[in-house]
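A.B. asks: Can you make the complete structure from the sequences, with help from the hints?
Each chain, letter by letter, is given below.
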Amino acid sequence: MTTALSTTAAKAPQAGVDLLRIVRINEEIKSVVNVAFKINIMALNAIFLAKRAGVAARGFGVLSNELRVFSQDLRDCMSSLTSLVHGCVNDVSLMLQDIRHTRLLRHAAEMTNGTRMAEVLARRERENERHAASLASQRKQLKRALEDAFRMVELGGVLAKSAKIEAAYGQSFAVPLSQVSSEFDGIVEEIRASLESLRHSAFFAGR
Amino acid sequence: MKTTKTIFQDGDHKWIAIVRDPEKPNYLIDTNEYLVAHGGQGLLLDPGGAEVFPAVFSALSSEFDPSALAGIFASHQDPDICSSLALWLEFNPGMRCYVSWLWSSFIPHFGGNADTFVSLPDEGADISLNGLPLQAVPAHYLHSSGNFNLYDKTAKVLFSGDIGAALLPPGEDGLFVENFDRHIRHAEGFHRRWMGSNEAKRRWCERVAQMEIDMLCPQHGAIYQGADVQRFINWFDGLQVGVVNG
Chain A
0 MTTALSTTAA
10 KAPQAGVDLL
20 RIVRINEEIK
30 SVVNVAFKIN
40 IMALNAIFLA
50 KRAGVAARGF
60 GVLSNELRVF
70 SQDLRDCMSS
80 LTSLVHGCVN
90 DVSLMLQDIR
100 HTRLLRHAAE
110 MTNGTRMAEV
120 LARRERENER
130 HAASLASQRK
140 QLKRALEDAF
150 RMVELGGVLA
160 KSAKIEAAYG
170 QSFAVPLSQV
180 SSEFDGIVEE
190 IRASLESLRH
200 SAFFAGR
Chain B
0 MKTTKTIFQD
10 GDHKWIAIVR
20 DPEKPNYLID
30 TNEYLVAHGG
40 QGLLLDPGGA
50 EVFPAVFSAL
60 SSEFDPSALA
70 GIFASHQDPD
80 ICSSLALWLE
90 FNPGMRCYVS
100 WLWSSFIPHF
110 GGNADTFVSL
120 PDEGADISLN
130 GLPLQAVPAH
140 YLHSSGNFNL
150 YDKTAKVLFS
160 GDIGAALLPP
170 GEDGLFVENF
180 DRHIRHAEGF
190 HRRWMGSNEA
200 KRRWCERVAQ
210 MEIDMLCPQH
220 GAIYQGADVQ
230 RFINWFDGLQ
240 VGVVNG
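Chains A and B, in that order, are what the protein sequence lines are. If you're matching positions, the first sequence starts at 0 in numbering that gives the first Met the number 0 and goes up one per residue. If you're matching positions, the second sequence starts at 0 in numbering that gives the first Met the number 0 and goes up one per residue.
Fair warning: there could be bad hints in the mix.
[To be verified] Among the chain B residues that face chain A by a calculated CB cut under 7 Å, a handful are: (1) Met0; (2) Phe52; (3) Pro53; (4) Ser57; (5) Leu86; (6) Glu89; (7) Phe90.
None of these hints come from the bench; they were simulated from the model. Each residue gets a CB set at the ideal place from its N, CA and C atoms; glycine is no exception.
C.D. replies: Below you can see the structure in the form of structure tokens.
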């Protein structure tokens, strides 16, 4: 096997593993979207609870509203991530196809003589490089978008913790408000952990 | 590597069979590819699956300049017929692919774009290969619901796709049928199971019985020539198809 053939053959399992990693990232994003929707419902209930609690829970009400906005922003952010994931799936699929075509063309070239096949192979290699560069770019964009999402969730964590403090001023409503704010905190922490694991996905260690 | 055999030649008008690859893994069905060449141009009939592309390409290259291929004729849509399409197009992006209208939006999954495909209507069509008249002959439901044979009236050769196909055991895989009765046993199961319509079969038999055919060239197995062509048509006419055992 020539060096070039070995390189092409070695890329195949890597692309397959990349596809698997992308699928896992996508599954994690889907779970974050579900949780973000839960925050929205919880925040709506918290706003009603704060209204019933009156002046003592005014700060809690403001924070609940902010958490609702956070939930929507998070879902928008996840939607952008999903688009980038789809872009990655597309590029990895093209690379898998490139690998197969290159293998078969190289095999044909080895069995025949002629400069025309060399030209076809050179063109195929250029196309392979173009797809690889596109995947590298998508990978970077996805990494950046995940970092942005992570920062957003850290802000959500601050909001949830502030809500916990505000709950303490809720007088007779302090217990239910505290319970709701703890749930907020738990959920935001769950999202933070998900995004933290995504940031360290081996997919981003690739080229 | 596959071998090539010129089965018809009159000047630069040729039929070349590309057959039998001893290195082909057993899990891939064996296929015959055919090249019709005329006036320096070529039409490749059922170019085969992607995995056999290197063997077909190299064999073809030994006889013909692949950059002079004007087109591909796909009898139907199966992967062993034309899943190599994208690879042939890498070599010659301007190549056209003639296929039943039924599959013209399915086969692009193997490769090609809107400019690649020439849709053949159900009633068939004439195809000119650098002035050589060829005819796409309807053979629908035998086995594919959108299925064509290719007839070269000048050479009296009919490329019959899966009709006439036989799954030949080692040692009985000559290029031409030598003993019809022995050969046809290897074709019977295939035709009963793969061919879906007795009515379509009868119409095909009636149609091709009126054509002058010296060689009937299937995509699998051996080529029928001379009196074996009519023997095959009669045998097929009497066979009940669309049968599943068990």
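A.B. asks: Now look at each hint and say whether the structure bears it out.
C.D. replies: Here is how each hint holds up against the structure:
1. Met0: Status holds, d = 6 Å.
2. Phe52: 5 Å, holds
3. Pro53: Interface hint status for proline 53 of chain B: holds (4 Å vs cutoff 7 Å).
4. Ser57: Since the shortest Cβ distance to chain A is 4 Å, the answer is holds.
5. Leu86: Hint on leucine 86 of chain B: holds, closest Cβ of chain A at ~6 Å, below 7 Å.
6. Glu89: 5 Å, holds
7. Phe90: Since chain A brings a Cβ to about 5 Å from phenylalanine 90 of chain B, closer than 7 Å, the hint holds.
Taken one by one, the earlier hints all hold for this structure without exception.
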